[in-house]
Amino acid sequence: MKWPTSALPDDGRVEFAFHGHVDEATSALLIEQMERRLANSPLHRKVMRVVIELVQNLHHHSPADHSHESRFLCVRRPNAWVMSTANVIASDKAQALRERIDRLSALNADELRAEHREHLSNGNRTAHGGGGVGLLEIHRKSSGEVHLEFLPSLNDSQLSVFTAEIHFEHG
Amino acid sequence: MAEIRLKGTAKTPEVACTLDPFVLMLSGRSIPENSIEFYQTMMTWVEEHCHAQSGKLDIKIRLEYFNTSSSKCLMDLLKRVEKSGASAEVHWYYEEEDEDMLEAGEDYDAIIDIPFKLIATEAL
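Chains as they are written, first to last, in the working numbering: chain A, 7 to 177; chain B, 13 to 136.
Mixed in with the good hints there might be a few duds.
Unchecked claim - Computed beta-carbon distance windows for the label pairs:
hint	chain 1	residue 1	chain 2	residue 2	range
1	A	Asp116	B	Gly20	30 to 38 Å
2	B	Val35	A	Ala112	40 to 48 Å
3	B	Glu26	A	Leu35	19 to 27 Å
4	A	Val20	B	Thr56	41 to 49 Å
5	A	Asp17	B	Thr53	45 to 53 Å
6	B	Lys129	A	Asn128	21 to 29 Å
7	A	Ser47	B	Thr56	33 to 41 Å
8	A	Leu35	B	Ala122	34 to 42 Å
9	B	Leu114	A	Arg104	29 to 37 Å
10	A	Ser47	B	Leu114	15 to 23 Å
Hint data in this document are derived by calculation from the structure and do not stem from the laboratory.
Remember, it's a predicted structure, so these values are computed and weren't measured experimentally.
Ideal placement from N, C-alpha and C gives every residue a C-beta, glycine not left out.
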């Protein structure tokens, strides 16, 4: 599994990288390690909120049989934090994810907030309890700097590479 | 159960639900993978006591981080208090420079029909 070059900016420094199966214990470890790395850094709380959503998403979408590994990468650029995740996704789910992210990316901050409130107040929940709020939160915290790429993977699946950037001036 | 007292962990908040004083308090971080299970005891406590108690319930929330699953549970918890008709007030604490947590408090305040106090602190 290779990262697309867009996830590894030339002017960045890799702060943390992980490659492997993500289960609950790994998820906790990744969050703990990221918190240590980010301590006293600009916008560390905002970045940690995105990290928590990204890492727990990787866990929720990891196959229980360890058949596919996932990746998590955190890069510090001069003016931004860049977090990327990569995991294998079934091709039939990729299009729905693409459409949802494109739709959220077209919303401005006020529209994202209004949609967030709507999702928060309705009683709907996903299988993992979030009610579809996770992607919205990542968009809000990243001020819309969210990118999704799909790379060919195994049969009937694609490698989903999700990147969120938090620029210091957004703090 | 009359009281709930849970120590905080790396993933779950410190919790104190008491009848005297009538308080529901959450403090720390709430990022468990299974938030529904964690919040269930508090939901039950609210169901059992909000109808029966005559005093005002003070809900004190001082969270550093919470995941989106917890945000839904927190909403469910506050809706149960609202639905019970009990007199209640939410004290939502946030660090004065933490605009995300301030906005989160404003979002709950906009949705829930319970008096809200948004309280800036120097550090949680």
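Going through the hints against the structure:
Distance hint for A:Asp116 and B:Gly20: a CB-CB separation of about 34 Å, consistent with the stated range 30 to 38 Å. The supplied range of 40 to 48 Å is met by B:Val35 and A:Ala112, whose beta-carbon atoms lie about 44 Å from each other. Checked against the hint of 19 to 27 Å, the C-beta distance between B:Glu26 and A:Leu35 comes to roughly 22 Å, which is consistent with it. The supplied range of 41 to 49 Å is met by A:Val20 and B:Thr56, whose beta-carbon atoms lie about 46 Å from each other.
Restraint check, A:Asp17 to B:Thr53: a C-beta distance of roughly 49 Å satisfies the suggested window 45 to 53 Å. The hint said 21 to 29 Å for the Cβ distance between B:Lys129 and A:Asn128, and at roughly 26 Å that hint holds. Range check, A:Ser47 to B:Thr56: about 40 Å between beta-carbon atoms, so the 33 to 41 Å window is met. Distance hint check for A:Leu35 and B:Ala122: the Cβ-Cβ separation is about 36 Å, which falls inside the suggested range of 34 to 42 Å.
Between B:Leu114 and A:Arg104 the beta carbon distance is about 33 Å. The supplied range of 29 to 37 Å therefore holds. Under the hint 15 to 23 Å, the C-beta atoms of A:Ser47 and B:Leu114, about 21 Å apart, fit the expected range.
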